Amino acid sequence: MLRASAAAERVGYPSVSIISSGFMKQAAVVSRGLGLPDMAIAEYPGVPMVDSDEQLRRKVEDELVPAIIRGLSQATGTLSQNEAVAEPAPRDIVFRGTLDEVNEHFQRNFWADGLPIVPPTLARVERFLKFTDRAPDEVIGACPLANRQATVWNVAVNGVMAGCRPEYLPVLLAVVEAVTDPAFKVEDAGSTPGWESMIVVSGPIAKALGFNAGQGVMRTGFQANTSVGRFLRLYLRNIGGFHHAPEGADKGSIGQSFLVAAAENEEAVAELGWQPYSADRGFRTGDNIVTVQSVVAISPPTYSGSENAEEHAALLADVIGQRTCGYWSAVGMVYANWHPLIILGPSIARVFAKDGWSKDDLRQYLYRNVKIKASLAEYYAWHVGLTGFRVNEYVKNGLLPAAYGESEDLEREIPVFQRPEWIGIVVAGDWGRNQSRAYVNNHIQGPPVSKAIRLPGRWTSLLPAA
Amino acid sequence: MNAPMPPSSDGEALFEVVWPLGRSAFETRAPNERLADLSGVTVAELWDYLFRGEDIFPIVREKLRERFPGIKFVTYDVFGNVHGPKQTELVADVPRLLKAHGCNAVISAIGA
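Sequences listed follow chains A and B, in order.
FYI, in our numbering the residues of the first sequence are 1 to 466.
FYI, in our numbering the residues of the second sequence are 1 to 112.
No wet-lab data here; the hints were simulated from the structure.
All the given hints hold, so there is nothing to weed out.
Calculated cross-link-like contacts (lysine-lysine; reagent style DSSO-like; alpha-carbon spacing at most 30 Å):
1) LYS63/B / LYS25/A
2) LYS396/A / LYS72/B
3) LYS63/B / LYS59/A
Covered stretches of chain B (in silico footprint by chain A; criterion: 3 or more residues with CB under 8 Å from a CB of chain A, positions within the stretch not fixed):
4) 11 to 19
5) 22 to 36
6) 47 to 57
7) 60 to 71
8) 75 to 85
9) 102 to 109
All figures in this text were calculated on a predicted structure; none of them were measured in a lab.
Here a beta-carbon is modelled for each residue, glycine too, at the ideal position from N, C-alpha and C.
Given the sequences, and given the hints that come with them, work out the whole structure.
This is the structure we're talking about:
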């Protein structure tokens, strides 16, 4: 809401923003990031979602309304316009010490993620920069909430810290291009669902850099998958300000730890005659790309055993569709944007292909066969805090497809998956088992965004020497 | 580990390290001047359709009307859900809507 207030302030209107107590720290980071650190705030004490009507009225009358009046009628700060803040230049040495001392310093300043970091020395950063033709000071984008500039230089610095190898830099740069694309809405990466960003690496570069696409694809252990996944969480903490209490903007209520980067088993996909995930994302087969999307929950390991494609589809619809995605589909509806991703085991993909199913056939099956009652969707959404959501109004306003409005009866069943083409399918995991898994997207916060990986001109000579 | 520095007195390698953050991508400014009196002003309500704003805004209206004669409200439904599917477009349109509705001040809610 501070973004709406800031839009008003920028064109001359005084504003006050109502913020509940638990969001006050985040509000301070957001305000600073918007360049308006002294924006007027009226605090709602406590948690409105658990207050009785009577408690809510008393709090509004006794505390909120006086704070609103103060916010609109009394000056809140003394900052002069465009006040400059002195900060280190990229090559400035900000600390000197032993490995332990460096780690202590970084943890104390909220520049690390709780794990030891590799000290970002100038020499290490420069080794990374050999793997791009881009200028170190190139600004890739801004990274709200803290709203700091994402540059080639600080991508390399954080890559060093996360334990990446220098040759991963082109992948890291593409990842940062994806998350700073306004479509990704990285400014909401600190929302209470505590979503994590999931990276999928596609193309021959995945194999060249040693990304695991097979058994244990989402397990820590492979340096490429693990350090690239860690890098993104670390980068969002440092450049976006998404570290948790007491100072940060990460409001994930319970949260989850970072996800290692995934890669698709493109050899298996080619054998099946299916197109790879990169082509699903609008690129050419064989292009090196990354795709980043939010993940708010992960399904159970979903086992399906049959020589018949439809039996696999039915089980996936039940466990991944109904039981895993059903609940969060309501939140996806509220934002009219939702892209669950399925990692489909290679042996299961083979059964689908044998029976003539494409990825699109599976998507269509899930779209047609997984439903939820409209009343249940509103019920789930209300409890999340989305108290203004009404399915029928959304249909009337064109925010949900016509399939959601076949009647106005709230007991009618509506699709869990909003559009079949929004279901991502990546073939990966253990070829020797029959398991799949779903990665539930949050919604408008972190839809899949894909970017090409730009390799340096001397890539083929640099890589073997790395 | 790369050790560009001489070792510390106990023989451990020393590291000179750089800053992992980036320059701020914004310019800082103060909020606008406040209103001396809310009587007779038109207040815009911007709501993200979250956290019981449908219960909170009516009470806010009621109490402000009691205290400030002539205060008017452009209610949140006029602006739409500024945190919903069309949030980017709606927030960008806020300046035009405030002008179009003759607003003098904004209350936005709820969250951060």
